[in-house]
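Asks: Please work from the sequences and hints to get the whole structure.
Each protein sequence line maps, in turn, to chains A and B. For the first sequence, my numbering assigns the number 1 to the initial residue and increments by one for each residue that follows. For the second sequence, my numbering assigns the number 1 to the initial residue and increments by one for each residue that follows.
Treat the hints as calculated values from the structure; they're not laboratory data. Please note that a few of the clues may not be correct.
To be verified - Derived pair list, reagent style DMTMM-like, types lysine to aspartate or glutamate, alpha-carbon separation capped at 25 Å:
#1 39/B / 208/A
#2 173/A / 249/B
#3 39/B / 115/A
#4 275/B / 216/B
#5 61/B / 148/A
#6 191/B / 232/B
#7 173/A / 148/A
#8 292/B / 232/B
#9 215/A / 216/B
#10 39/B / 80/A
#11 292/B / 216/B
#12 130/B / 208/A
#13 215/A / 57/A
Said to hold, decoys possible - Sample of chain A residues lacking proximity to chain B, with all beta carbon distances greater than 12 Å (derived):
#14 129
#15 157
#16 185
#17 191
We put the CB at the ideal spot given by N, CA and C, even for glycine.
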Amino acid sequence: MTKQPLLVCILVFCFAIAGFAQASRFTMSFVPCFNAQPLQLGQAYLLANINDSLTVEGFRFYVSGIKLLNSNKVVYEIPDGHYLLDAAHPQSQTLQLNLPKPFIFDQIQFHIGIDSITNVSGAMGGALDPMNGMYWAWQSGFINFKLEGTSPVCNSRNHKFQYHIGGYMPPFKALQTVTFSCTNDQDLIVYIALDKILGSIDLRLEPEIMSPSAKAISLSTIIKQNFTNNIQP
Amino acid sequence: MKKLWLILFGLGLLSFTVFKGFKLAYPSYFPKPLYDFKKNPLAQQKIDLGRVLFYDPILSKDNSISCASCHSPYNAFAHVDHDLSHGIGDQVGSRNAPALINLAWQSEFMWDGAINHLDMQALAPISHPKEMGEDIANVITKLRQIPMYRELFFDAFADSTITGAQTLKALSQFQLTFISANAKYDSVMRKKSVFTDQEANGYRLFKQHCNSCHAEPLFSTYEFADNGLKIDSTLNDLGRVVVSHNPLDSLKFKVPTLRNVAYSFPYMHHGRFSKLSQVVTHYTNLTFCNQKDKRLQKPIVLTENEKVDLVAFLLTLSDKSFVFNPSYSYPKEILARWRRD
Numbered sequence: 001m002t003k004q005p006l007l008v009c010i011l012v013f014c015f016a017i018a019g020f021a022q023a024s025r026f027t028m029s030f031v032p033c034f035n036a037q038p039l040q041l042g043q044a045y046l047l048a049n050i051n052d053s054l055t056v057e058g059f060r061f062y063v064s065g066i067k068l069l070n071s072n073k074v075v076y077e078i079p080d081g082h083y084l085l086d087a088a089h090p091q092s093q094t095l096q097l098n099l100p101k102p103f104i105f106d107q108i109q110f111h112i113g114i115d116s117i118t119n120v121s122g123a124m125g126g127a128l129d130p131m132n133g134m135y136w137a138w139q140s141g142f143i144n145f146k147l148e149g150t151s152p153v154c155n156s157r158n159h160k161f162q163y164h165i166g167g168y169m170p171p172f173k174a175l176q177t178v179t180f181s182c183t184n185d186q187d188l189i190v191y192i193a194l195d196k197i198l199g200s201i202d203l204r205l206e207p208e209i210m211s212p213s214a215k216a217i218s219l220s221t222i223i224k225q226n227f228t229n230n231i232q233p
Numbered sequence: 001m002k003k004l005w006l007i008l009f010g011l012g013l014l015s016f017t018v019f020k021g022f023k024l025a026y027p028s029y030f031p032k033p034l035y036d037f038k039k040n041p042l043a044q045q046k047i048d049l050g051r052v053l054f055y056d057p058i059l060s061k062d063n064s065i066s067c068a069s070c071h072s073p074y075n076a077f078a079h080v081d082h083d084l085s086h087g088i089g090d091q092v093g094s095r096n097a098p099a100l101i102n103l104a105w106q107s108e109f110m111w112d113g114a115i116n117h118l119d120m121q122a123l124a125p126i127s128h129p130k131e132m133g134e135d136i137a138n139v140i141t142k143l144r145q146i147p148m149y150r151e152l153f154f155d156a157f158a159d160s161t162i163t164g165a166q167t168l169k170a171l172s173q174f175q176l177t178f179i180s181a182n183a184k185y186d187s188v189m190r191k192k193s194v195f196t197d198q199e200a201n202g203y204r205l206f207k208q209h210c211n212s213c214h215a216e217p218l219f220s221t222y223e224f225a226d227n228g229l230k231i232d233s234t235l236n237d238l239g240r241v242v243v244s245h246n247p248l249d250s251l252k253f254k255v256p257t258l259r260n261v262a263y264s265f266p267y268m269h270h271g272r273f274s275k276l277s278q279v280v281t282h283y284t285n286l287t288f289c290n291q292k293d294k295r296l297q298k299p300i301v302l303t304e305n306e307k308v309d310l311v312a313f314l315l316t317l318s319d320k321s322f323v324f325n326p327s328y329s330y331p332k333e334i335l336a337r338w339r340r341d
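Replies: Here it is in structure tokens:
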């Protein structure tokens, strides 16, 4: 009996060590899709609303401000987490999040884009380096979401469509926040229905949205709606 | 000898702010800088790198135009005799290259404030098709091929990779050293010199008519204001409204500093006036009742003599030690280390 407190102490100590050592990992994967199939850059797709084909040549976007929530309360926020996801580099679309300890959470929340404070914080490296082509030179600000390609229906030079969606200043703030239900033991997969996003735009009349504007805001809302955790054709 | 003592004494009065590796000196009567030095602590090697980049036409598409092409130190980093900026392939832009002075005290850049941070400013001229017509990613590709830059970046950042962020931060560092606080006006403020009667009268008129926008000691509030200048129909530049989308900002442009104004002609956002006397006459000739800006609704009445006095005061803002500062000039001593003869 006299040994019991000591045993308890040892057990507590072991659990504490285990707790410290047991940094946890959570994986978020993003799968851009077209007609419910993973996107292939450079492949011609038929888009129903234009009754013609289109090809996506590039698709990149930022994910930032990732928060874990439990019962609507933030339990952890990934510090300095700005990720540039690029369809041309599939490994960039899987985010391995290192958590200092295992958290219990039932929701995950993140921004599609870059928040306004980061937008006014000067030159930053890594994912935020302006050499990545996700920063507007003529008027300061990050491009949150960049989707480019071609379609014969576009009356633009080389039949290009270019959607560079961003803007951090009122009245044209394009940052969107999405929340998904999830569990700590199951990785989150987010599908992005690019056919639905492109299907919402009149590619003939609007092949380019490339500055902070009302059109950019409304497209950013459609983009947000098409980040989903299940995909249906 | 007496002059030397005055200069030494003046320097002694400057308050010294210590940043890692480099002391940025500015007078005690200046406000606190707005630039966040914690995110980009000044260091001599970074300033040197920024200086080499500032003078290198490699930043432009055809390697012909450098920052210094339009921002010459001898004109307080403005472009002498050019009303509008002059870029690659002899293209002419739509605005006057502004003087680069006391940039650490500004938070919005360009005539319309389209740029929100000094670090990001260089991206605008680099990528403008009528200025340098280049892409920052391509600039980095070019820099990475040059052994001198790999060494200079390594000296500055302990990393020879060369990134966009490092390039922009180094350019900021060099430009942050552009502090002008050693004009006759400053020596008068430090009580080391006195205005002539004419300058003193000009100063009185300045405080009465100009100071509300061109506020001392920086000689600008750096607000956006409509100074009553009629739109140039060949440019139709609406200014700030294009950035802010606020109709009240139509025809507003950033109030420029008057420091070194004698060196930085021509004047206004599109270089309409080449002489200071024309600028003064612009203000005295305004139709005051029509002015949007309240500060210009009261007539500015000056006699011809008073106009001359006012200009005499403006000349006391000329800082010779700024325009002829050897540490701002072409970096021949740094480049000499790599020159192969």
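Asks: Hints first: check each against the structure and report whether it holds.
Replies: Structure-based check of each hint:
1. Restraint check for residue 39/B and residue 208/A: the C-alpha separation of about 35 Å exceeds 25 Å, so the hint is violated.
2. Distance restraint check for residue 173/A and residue 249/B: the Cα-Cα separation of roughly 19 Å lies within the 25 Å cut-off, and the hinted pair is therefore satisfied.
3. For the hint linking residue 39/B to residue 115/A, the alpha-carbon distance of about 18 Å falls within 25 Å, and the restraint holds.
4. Between residue 275/B and residue 216/B the alpha-carbon distance is near 22 Å, which keeps this suggested pair within the 25 Å criterion.
5. Between residue 61/B and residue 148/A the CA atoms are separated by roughly 24 Å; this keeps the pair inside 25 Å, and the hint holds.
6. In summary, the hint linking residue 191/B to residue 232/B is not supported, as the alpha carbons are separated by about 43 Å, beyond the 25 Å threshold.
7. For the hint linking residue 173/A to residue 148/A, the alpha-carbon distance of about 21 Å falls within 25 Å, and the restraint holds.
8. Pair hint residue 292/B plus residue 232/B holds up; C-alpha atoms about 18 Å apart against a cutoff of 25 Å.
9. Only pairs whose Cα atoms come within 25 Å are accepted, and residue 215/A paired with residue 216/B is rejected, the gap being roughly 43 Å.
10. Between residue 39/B and residue 80/A, the direct Cα distance comes to roughly 14 Å. Compliance with the 25 Å bound is thereby established for this hinted pair.
11. Distance hint between residue 292/B and residue 216/B is fulfilled; the C-alpha atoms sit about 23 Å from each other, no more than 25 Å.
12. Taking the CA atoms of residue 130/B and residue 208/A, the gap is near 22 Å; set against the 25 Å cutoff, the hint holds.
13. For the hint linking residue 215/A to residue 57/A, the alpha-carbon distance of about 22 Å falls within 25 Å, and the restraint holds.
14. Taking the minimum C-beta to C-beta distance to chain B, about 4 Å, the non-interface status of residue 129/A is violated against the 12 Å cut.
15. For residue 157/A, the condition that its CB be more than 12 Å from all CB atoms of chain B holds, with the nearest at approximately 14 Å.
16. No beta-carbon of chain B is positioned within 12 Å of the beta-carbon of residue 185/A; the least distance is around 37 Å.
17. No Cβ of chain B comes within 12 Å of the Cβ of residue 191/A; the nearest lies about 30 Å off, and the non-interface call holds.
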